[in-house]
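Protein chains in written order, with our numbering: chain A, 1 to 469; chain B, 1 to 454.
Source of the hints: derived by calculation from the structure; they are not laboratory data.
Please note that the accuracy of each hint is not assured.
[Claimed, not checked] Derived PhoX-like pairs (lysine-lysine); straight-line CA-CA distance at most 20 Å:
{"no.": "1", "chain 1": "A", "residue 1": "Lys455", "chain 2": "A", "residue 2": "Lys396"}
{"no.": "2", "chain 1": "B", "residue 1": "Lys343", "chain 2": "A", "residue 2": "Lys77"}
{"no.": "3", "chain 1": "A", "residue 1": "Lys281", "chain 2": "A", "residue 2": "Lys259"}
{"no.": "4", "chain 1": "A", "residue 1": "Lys77", "chain 2": "B", "residue 2": "Lys339"}
{"no.": "5", "chain 1": "A", "residue 1": "Lys369", "chain 2": "A", "residue 2": "Lys416"}
{"no.": "6", "chain 1": "A", "residue 1": "Lys449", "chain 2": "A", "residue 2": "Lys434"}
{"no.": "7", "chain 1": "A", "residue 1": "Lys104", "chain 2": "A", "residue 2": "Lys77"}
{"no.": "8", "chain 1": "B", "residue 1": "Lys339", "chain 2": "A", "residue 2": "Lys81"}
[Claimed, not checked] Away from chain B, derived, C-beta distances all over 12 Å, residues of chain A:
{"no.": "9", "residue": "His13"}
{"no.": "10", "residue": "Gln25"}
{"no.": "11", "residue": "Ile188"}
{"no.": "12", "residue": "Pro323"}
{"no.": "13", "residue": "Phe345"}
{"no.": "14", "residue": "Met438"}
Glycine residues also receive a C-beta, built at the ideal position from the N, C-alpha and C atoms.
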Amino acid sequence: MIDYQPVIGLEVHVELKTKSKMFCQCAANYFGKPPNTNTCPVCLGLPGALPVPNQKAIEWTVLIGRALNCHINLVSKFDRKHYFYPDLAKGYQISQYDEPIATKGWLKIKNQISNIKVTDQKSKREQEHRVRINRVHLEEDTGKLVHQSSNTLVDFNRSGVPLVEIVTEPDFTSADEVKVFLEELHTIIRYLGVSDADMEKGTMRMEPNISLKIDQRSNIKDQNDKSKIKTDSLPNYKVEVKNINSFRFVKQAIEYELKRQEEILEKGQTPVQETRGFDEKRQVTYPQRTKEQAHDYRYFPEPDIPPLHFAKDYIEQIQSQLPELPEAKLDRFVNELGLRYGDAFILTREKATADYFEAVLKILGNQGKVAPQQTANLLINKKISSRLDPQDFVKKAMQLLFPQTTDIVQLTSVVKTIIASNPKVVADYNSGKKNAIMYLVGQVMREMKGQVEVKLVIEKLKQKLTYRN
Amino acid sequence: MEVLGKSLLELKALVDEKKIKTEEIFHYFLQRIKKYDPKLKAFMTVVDRDRSGLPIAVKDNYCTKSVRTTASSKVLDDYLPQYESTVTEKLWKNGFSLLGKTNMDAWAHGASTETSDYMLTKNPWDLTRYPGGSSGGSAAALSAYLTPAAMGSDTGGSIRHPAAWCGVVGLKPTYGRVSRYGLISMGSSFDCPGPMTLTVKDNAYLLGLLAGKDRFDATTTNTAIPDYVKNLDTPQRFIIGLAESYFENVDNEIKSRLNQTITVLKKLGHQIKPVKILSPKYAISVYTVLQRSEVSSNLSRYDGVRYANGRHFFGAEAKRRTMLGTYSLSYGYYDAFYKRAQKVRTLVINNFLAIFRDVDLIIGPNTPVTALKIGEFEKYPFFGEIMDALNEPASVAGIPAISLPIGLDRQGLPIGMQIMGNYFREDLILNLAHQFEQETEFFGVIKKGIERYQ
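Isolated chain A, as found in the complex (with noise of 0.2 Å):
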């Protein structure tokens, strides 16, 4: 029996959310617009209309580039890419070709799910692998189709969003790994603010592609040894699964094409070359169509936008804006904050939720009694809502971290004194005018030195007040 090696690559694409499209002035954001009301010449393709490009889109570009430790071209342009569709309004797709933005970087990811938990370094250190990036670059989105019973209809208010697409090669060996990788690109882009990523939405796209190799481990020692795999040459076909649109149903698509495949090589066959489809119902892919080769697609460098030129300084200017991303603030809070390695991981995944802790911490700090630790399990275990201001926080931790010591006997003999001194009060209280109790709190509580709960204050009058009625 032969042993298979799993063979993915992926193919990602993020519309970014910059307030305009990518070549005209019409909104990047078409959510819930009536169809076709969000166009322009330019995005509808009408004749003699040109694009010109979106500064913010390359920006934000370059700066995804640099997340993902791309080299960035200084010279770039853009391609018109030929097909037809109905979608595509110009008969062709405005994108980069041979000279994308950003090339050959890299992106660190954790094996397998369940070893998130490891806290000894080293062995996490032997868990991590970098996933290699061939290419981030720029291009814009195409219409939508609209199927309405046996009629389709062209929806263009998305034609010309700017989409970001981002290669890696072949590197994944597991569902599971690309599983972990689009999770910490997901929560990259998101650190970036540079997209809502939102897969439901469809502003983030996944597209692996799958195939096969027999092998080679078995002969190796060392089974760690990846860099000799990825020397190996690569299967001699690919199928590629589009508009998947969850991380579980990429994970299962992936599996299920494995499985797929390799009974088809078992048969001695070779599986076709194309481009499948995902039934989230079955759990299974469909061929869609065979994969047009690269070929087809006629590129050529857009006349309409002469080639961009990046100077250094804008490169390091845009570079300067890159936020600490997820892996750094995740070992910063682990080596420099003493939390534990899942409690840290949590509350990277999301920049707001990483600033909220980093905030409560800072108010923290001039109290010094609080271990950063304490006040991640407060905010982990949802203790305290999280949608309180960070000083409201403090306050609420500040409570159930210290909770007040109340002497008993002293606030009973208090309460005694204050009602006895009082009678005005009490005798208006008794005819009706509840409020008045407030009052006798505020004695009560000053007599206590506040160290008492103003509820239990209110429980202990009431008591003694219906009692001497």
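Mind docking chain B on chain A? Use the hints.
Using the frame of chain A, we list chain B on its own:
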């Protein structure tokens, strides 16, 4: 008030001095169109919706909001643009009103208007001859004084060629000098909107209005815009390059007329200097490959989903160009055709840049022959390329060039001369052209052309 033959700026002066109303001028030209256009067939659409400005005719590949725009192709048969091109927008903002849209080769593919899906425009000098093209409708309308000025577009000679054959002034500005936004794309890296006029001064005036950076066209630049009209008041002395390679296969009568012109230029104090320019044949090859490639791409949006008519309405020339362009861009052929052509394009550019270190301007013929008889097209495969052989180098390099009438041949047909300049030196081209006009009145060509249509 006698309007016949008045230049655009003369008419403008009369309007400014309130000696005539624009309505009267409009009426005058509409009457002339009514009288002569049934024979000439210069106009696709005549427009009478606003007479508040000076009339101007516009080639039918400029998008004019709510006015039928076809690029003379049946694919866009009933197309009403929802937006205005930058060029026409600027015209309406500067005191012009649309008189009509002029016939052209479909999609600007040709040098005769013969590929128009609607009709063939006739040469006003001889109705049995081509007007040249692709801006043939604009050139013919102007030559017969059916409009005081017209807009053309020049991808590989489409302004200069019909200007030469119809005996008018036609300028192809530097690529990127005038916005292409709203001009239906033909060869995107070559397309240049430009004015066609009866005088050099009119041309300078229109260029001044139209030049400049446009936020809707990323290929326009911030290069300073000189006062082209005022610049004409100060005649400059130039070193003028003359290239032997531009006289190969050129008709003898055109050559001798050009020599006569050179004598005039020398008399005016200019120095003529022989220069070595790459043979135009290289530019033709480069132009053919790149333009076809861009055409195949630009026409792919007319896929039958959105516009009036489907792909089977494309004429033979559009289909030929699409086929050749698709081939040039195909995998396995891209390097041999498109990529190599781009490399040679760089050589052509460098060649011109080197020459413009030694000379201010370059002159030469711009058509190998004068207007051909209708039907002669068939004798010339690659008709357009042969007719535009002398025009295409400037298009490939993206430098500005003008065509001026310099006389008539024995058959009484206009002969054109081309002046090419360095990037963004339209001011120098216009300065020399104006001096020549002042000295010779184009040997009476423009005047004679108009007088044929009293």
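**Study point:** Check on A/Pro323 being off the interface with chain B, judged by Cβ distance over 12 Å
**Key:** holds (31 Å)
**Study point:** A/Lys449 paired with A/Lys434 [C-alpha distance capped at 20 Å]
**Key:** Distance of about 24 Å is beyond 20 Å: violated.
Practice item. Measure nothing beyond the straight line between the CA atoms of A/Lys281 and A/Lys259; if it is 20 Å or shorter, mark the hint as holding. Key: holds (18 Å)
Review point. Are the Cα atoms of A/Lys455 and A/Lys396 separated by 20 Å or less?
Key: holds (16 Å)
Check your understanding: Was A/Met438 rightly flagged as not at the interface, with every chain B Cβ beyond 12 Å?
Key -> holds (66 Å)
Exercise for review: Check the non-interface label on A/His13: least C-beta distance to chain B beyond 12 Å or not.
Suggested key: The assertion about A/His13 holds, with a minimum of 23 Å to chain B.
Review point. Is the hinted pair A/Lys77 and B/Lys339 satisfied, with a Cα-Cα distance of at most 20 Å?
Key: Given pair A/Lys77, B/Lys339 holds - Cα atoms ~15 Å apart, limit 20 Å.
Exercise for review: Against chain B, does A/Gln25 hold up as non-interface, every C-beta pair farther apart than 12 Å?
Suggested key: violated (9 Å)
Review point. Is A/Lys104 close enough to A/Lys77, meaning Cα to Cα at most 20 Å?
Key: holds (17 Å)
Check your understanding: Does the alpha-carbon distance linking A/Lys369 and A/Lys416 stay inside the 20 Å limit?
Key -> violated (36 Å)
Check your understanding: Given the hinted pair B/Lys343 and A/Lys77, is their alpha-carbon gap at most 20 Å?
Key -> holds (17 Å)
**Study point:** Given as non-interface: A/Phe345, partner chain B, CB spacing beyond 12 Å
**Key:** holds (44 Å)
The structure fails to meet hints 5, 6, 10 from the earlier list, while all remaining hints are met.
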